[in-house]
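Take the two lone chains, each set in its own frame, and fit them into one complex as the hints suggest.
Chains as they are written, first to last, in our numbering: chain A, 43 to 385; chain B, 405 to 652.
Rather than coming from a laboratory, the hints here were simulated on the basis of the structure.
Owing to the predicted nature of the structure, the values given are computational and were not obtained by experimental measurement.
Each hint should be verified, as a subset may be incorrect.
Cross-link-like lysine to aspartate or glutamate pairs, in silico, EDC-like; alpha carbons within 16 Å at most [what the hints assert, rightly or not]:
#1 B/K420 - B/D463
#2 B/K610 - B/E631
#3 A/K278 - B/E459
#4 B/K524 - B/E506
#5 B/K564 - B/E525
#6 A/K144 - B/E506
#7 A/K162 - A/D248
#8 A/K291 - B/E479
#9 B/K623 - B/D463
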Amino acid sequence: MSTKINKFKIFFLSKIKTCILLKPFSFFLNILFLSSIISLLLVSLNWIFFKANWSVINSNLSLFAFGSYPPNEQWRPSLWLVVLTFIALITIYGPKKKWLRKNLVFVWIGTVPLGIFLLKGGFGLIPVMSQNWGGLTLTILITSCSILFSLPFGILLALGRRSSLFVIRKSCSFYIDILRSIPLIAVLFFGQLLIPLFLPYGLEIDRVWRAIIAFTLFVSAYIAEDIRGGLQSIPKTQLEAANSLGLNKYQITRFILIPQSLRVALPALTNQVIGLLQNTSLMSILGLMELIGIGRSILANPEFIGQYIEVYIWLAIVYWILCTLMAFLSKQLEKKMSTNKGY
Amino acid sequence: MESVLIAKNITKSFSKGINALNNVSLNLEKGKVLVVMGPSGSGKSTLIRTINGLETFDDGELNVLGIKIDSNFDEKKIQKIRRRVGMVFQQFNLFPHLTILENITLAPINVQKRNKNEVKEFGMYLLAQMGIDSHAKKYPNQLSGGEQQRVAIVRALALKPELLLFDEPTSALDPERINEVLDAMRILANQGMSMIVVTHEIDFAKEVSDKVLFLDNGKVIEISSPEIFFSNASHERSRKFLNQLDKN
Numbered sequence: 043m044s045t046k047i048n049k050f051k052i053f054f055l056s057k058i059k060t061c062i063l064l065k066p067f068s069f070f071l072n073i074l075f076l077s078s079i080i081s082l083l084l085v086s087l088n089w090i091f092f093k094a095n096w097s098v099i100n101s102n103l104s105l106f107a108f109g110s111y112p113p114n115e116q117w118r119p120s121l122w123l124v125v126l127t128f129i130a131l132i133t134i135y136g137p138k139k140k141w142l143r144k145n146l147v148f149v150w151i152g153t154v155p156l157g158i159f160l161l162k163g164g165f166g167l168i169p170v171m172s173q174n175w176g177g178l179t180l181t182i183l184i185t186s187c188s189i190l191f192s193l194p195f196g197i198l199l200a201l202g203r204r205s206s207l208f209v210i211r212k213s214c215s216f217y218i219d220i221l222r223s224i225p226l227i228a229v230l231f232f233g234q235l236l237i238p239l240f241l242p243y244g245l246e247i248d249r250v251w252r253a254i255i256a257f258t259l260f261v262s263a264y265i266a267e268d269i270r271g272g273l274q275s276i277p278k279t280q281l282e283a284a285n286s287l288g289l290n291k292y293q294i295t296r297f298i299l300i301p302q303s304l305r306v307a308l309p310a311l312t313n314q315v316i317g318l319l320q321n322t323s324l325m326s327i328l329g330l331m332e333l334i335g336i337g338r339s340i341l342a343n344p345e346f347i348g349q350y351i352e353v354y355i356w357l358a359i360v361y362w363i364l365c366t367l368m369a370f371l372s373k374q375l376e377k378k379m380s381t382n383k384g385y
Numbered sequence: 405m406e407s408v409l410i411a412k413n414i415t416k417s418f419s420k421g422i423n424a425l426n427n428v429s430l431n432l433e434k435g436k437v438l439v440v441m442g443p444s445g446s447g448k449s450t451l452i453r454t455i456n457g458l459e460t461f462d463d464g465e466l467n468v469l470g471i472k473i474d475s476n477f478d479e480k481k482i483q484k485i486r487r488r489v490g491m492v493f494q495q496f497n498l499f500p501h502l503t504i505l506e507n508i509t510l511a512p513i514n515v516q517k518r519n520k521n522e523v524k525e526f527g528m529y530l531l532a533q534m535g536i537d538s539h540a541k542k543y544p545n546q547l548s549g550g551e552q553q554r555v556a557i558v559r560a561l562a563l564k565p566e567l568l569l570f571d572e573p574t575s576a577l578d579p580e581r582i583n584e585v586l587d588a589m590r591i592l593a594n595q596g597m598s599m600i601v602v603t604h605e606i607d608f609a610k611e612v613s614d615k616v617l618f619l620d621n622g623k624v625i626e627i628s629s630p631e632i633f634f635s636n637a638s639h640e641r642s643r644k645f646l647n648q649l650d651k652n
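Bound-form chain B, shown alone (with noise of 0.2 Å):
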């Protein structure tokens, strides 16, 4: 099987002597979904940032569809990882003065010189798919957040993205609001994206990923599948955490 993301001991450290990632080695197959948990301050949000670029690291090799960097950040290699990778933040991150399909089409007119009407088209026809297209010319502050991160996932794939990221896509919205991204993210599992999902959702964990990886203090606990992670783990540290999370 092809895979899409490899990375070797990827280490970084934001200040002296603390390890925000610390020897992180992982490998995602194309077309899986890899689901990334831990607790706060574990370092999920920097793993998923440095795979297009966003953060640095100081030690290591990534390798993202074929394309590798290593400690030397080399900035044409990022951008070029950048087009085929697609990202979706916590807090959506639209842009406020473009309607919700000018925020749509303005990577892929500009960066990958598509044809403006084709590209149109197919973004309505995203915006069809996740049933929001009565908003394309609306901005984004007249959405809700459940219809905004939706939008932001049409953004990210309306590159036509070979993987894509989810950095806690679902934390900042209403719980009432979360399922609508959910089943948005299950769609795509199902259509064979390759995937990274930082989130706490547990049952959507076990019902759509390949994978589960554990992060603690920015070194892996443990990647395992989620019918194992989830019933019975491996590591003491992880079955703390998923009994602190039911807990909740």
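The shape of chain A in the complex, shown without the other chains (with noise of 0.2 Å):
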């Protein structure tokens, strides 16, 4: 044991020996960036503790997770709310049962219905009007149903983009390279101001379902491209052994060809999820109430005038909390699908 700490001393003494004598400069940035990091981190945490004043937070925190939702029905998008993470912790811990197992990918996307229907409200349920919806509950759906929407229209383009028939694939990459080449901010304007326009009189669609629009249309081009990669990494081989067996086209692309390039697309497309998520929140700027927009009312409230700090800094929070969930999930999906295939 004494020997350990005799050794333990011998190279921390020949550490600080060659650190302050045999490379003065180097030692010396060392100090200058630990004290900085330190004196960083004194300050923040003497803000966070002492001089932060978060009652702007905790009195509002309903207003953060549901917006302006009625008080007496905000069990339904906690509901909703409980129910996603309850299926986060089951696929990060990975289900037992193997019928779940199986069927995680159909309980995951039957949230998104349930969420709208939970939100919305009718069979029972007393209708709540989409402007009241809003917060944490909002960004999520958005989200949700985004991707929801963009993931097999993504896929349709990919496979478009490969079609033997001219008019299609021109198509699919003349709408990829145009959806590619606009900002999303523009395409959130077009969604809200055009799309209205473009409809049939009489015909109405609220301001969430033209933001997921928008966003679905955006992300698809994007997604659509991520697919592609992965359909160009399926060896030439695969098909030949394919059609050997006497599949069609059609069976082809399902059981050969989209399983291998989901797969390999898996870590771009995450990419594109936490992105979609983070840029749910422009949607504030046109007016939707979702966290941030919801960050940037109560500011506006006399009462919590000049709070920016606080509030920006607990939806900086939130939003990690968010991403590095979904980061999480997909890290344990890529596991699950890579274990024993030697990918």
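This is the structure we're talking about:
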């Protein structure tokens, strides 16, 4: 034991010696960085614990979570968030039951209509207009709906880009190229302002759905490119094997191409989902009360005027938790997909 | 005797002037084994791949199991042929995202619309015959090359084919793994399966084949019985080739 400590001492001393005596410049740099990090930490901790006034967060927690959703009905979005968290935990820890493991994707897909139903009401629940949806619930709803719609749309675009039919091939690449060369905020403005003009008289889509449509149109172009990369990574011999077994084009696409390309594209797709979650904050500019929008409206309240830093730090933490959770989920999914398959 | 394959003057060129196949004609009777030999680039693979429509050809006529195709490449007829002709590749070409059993049952269930349970049972029976039924739930990358190739053979057999095509099935294997695949092929030949085999395995060809076809530069140099081909080949070119093989 004592020799161990001795060894450690010698090691430490020699380390210090080399640092101070032999490399004075690197020693200086080390001290400089260390001291600046420590002072930064001290300043921010001091601010967080003694100077900041967190009442702006505490008293508005339900606003951040549900927006102006009627208080009596707030159990509905809460229930949805709880269900989502529960399924996320199941996914991370690996479902024990075999049928659940096999159908986990469908469980995830099922959460989206469940969320819409719970938020919107009807069928025995009191209907709540989409103007009252907001906060974290709305952010997650827009993200999950957009992903659910843009994934199949993106796959179709990617397949269309490889189609042997000239018109389909060209129009798919045209669509992808156009959407990728327009900034997202322009697409969102298009969704809010122009979609109503294109619709026939009498038909109206509310703001939330217009946002979801705009996000879907935008993200699917990027997803299509990610899937295309996956498709290109499949060796030609796979197609030959599938052909020689007599599978037709549709069957080859469904059983061979899509599963293999999705697996390759998974990391890139995770990127898209995280990006999309963060980009939903742009909707605050267009008047939707999602997380950032709620933050802005709270800051506009004279009671909380000037407490920008608290609100934005709080929002940053919420976004950070959401994104980390998503990254973790996808890592888990990647692991599950690659176990024993040699990828 | 009924013919499973009649090829008449098959000609194909990849680029102008160079013939991959040059007037190839052959006739394979039911239950017989044809071994195709030749130096690399002689058109062996191209020939075997035209039979199930993986390659087109420019001229001539093919009659596979009574289905006639010509250079027009009728998609529907090709599909019909593929349902009745199995193929085994040099690189196995198993589907890496499916388990062994799923690899095997994919086509019978979806192409032939057979009953799921019946197909699974049949697949397990075939795997047991090859001695690899314990691997049914594994993925291809967990298996050795020889095992993967036997799975590929089972995958072709699961469609109950009337003709099996082998494109250098042992060329990608370790030397000590070659025999397990050749043994599987011997069993098939003894069971009366019609087979066309592209291979460099002389012993296998001597033992199993009913006819040997020697190709060079896309031309059929000779078709003869293995006894004659390996002891007293009629052409100078074939003898040269066999000498080369012997040296290796």
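Evaluation of the provided hints:
Only pairs whose Cα atoms come within 16 Å are accepted, and B/K420 paired with B/D463 is accepted, the gap being roughly 14 Å. Our distance criterion of 16 Å between C-alpha atoms is met by B/K610 and B/E631, whose separation comes to about 7 Å. Using a Cα cut-off of 16 Å, the hinted pair A/K278 and B/E459 holds, with the two alpha carbons roughly 13 Å apart. Proximity of B/K524 to B/E506 is assessed by CA-CA distance (about 9 Å); at most 16 Å being required, the pair is judged to hold.
Between B/K564 and B/E525 the CA atoms are separated by roughly 14 Å; this keeps the pair inside 16 Å, and the hint holds. Straight-line distance between C-alpha atoms of A/K144 and B/E506 comes to about 15 Å, which keeps the hinted pair within the 16 Å bound. Between A/K162 and A/D248, the direct Cα distance comes to roughly 12 Å. Compliance with the 16 Å bound is thereby established for this hinted pair. Proximity of A/K291 to B/E479 is assessed by CA-CA distance (about 11 Å); at most 16 Å being required, the pair is judged to hold.
A distance of roughly 14 Å separates the Cα atoms of B/K623 and B/D463; the hinted pair therefore holds under the 16 Å criterion.
Figure legend: structure checked against the earlier numbered hints; every hint is met.
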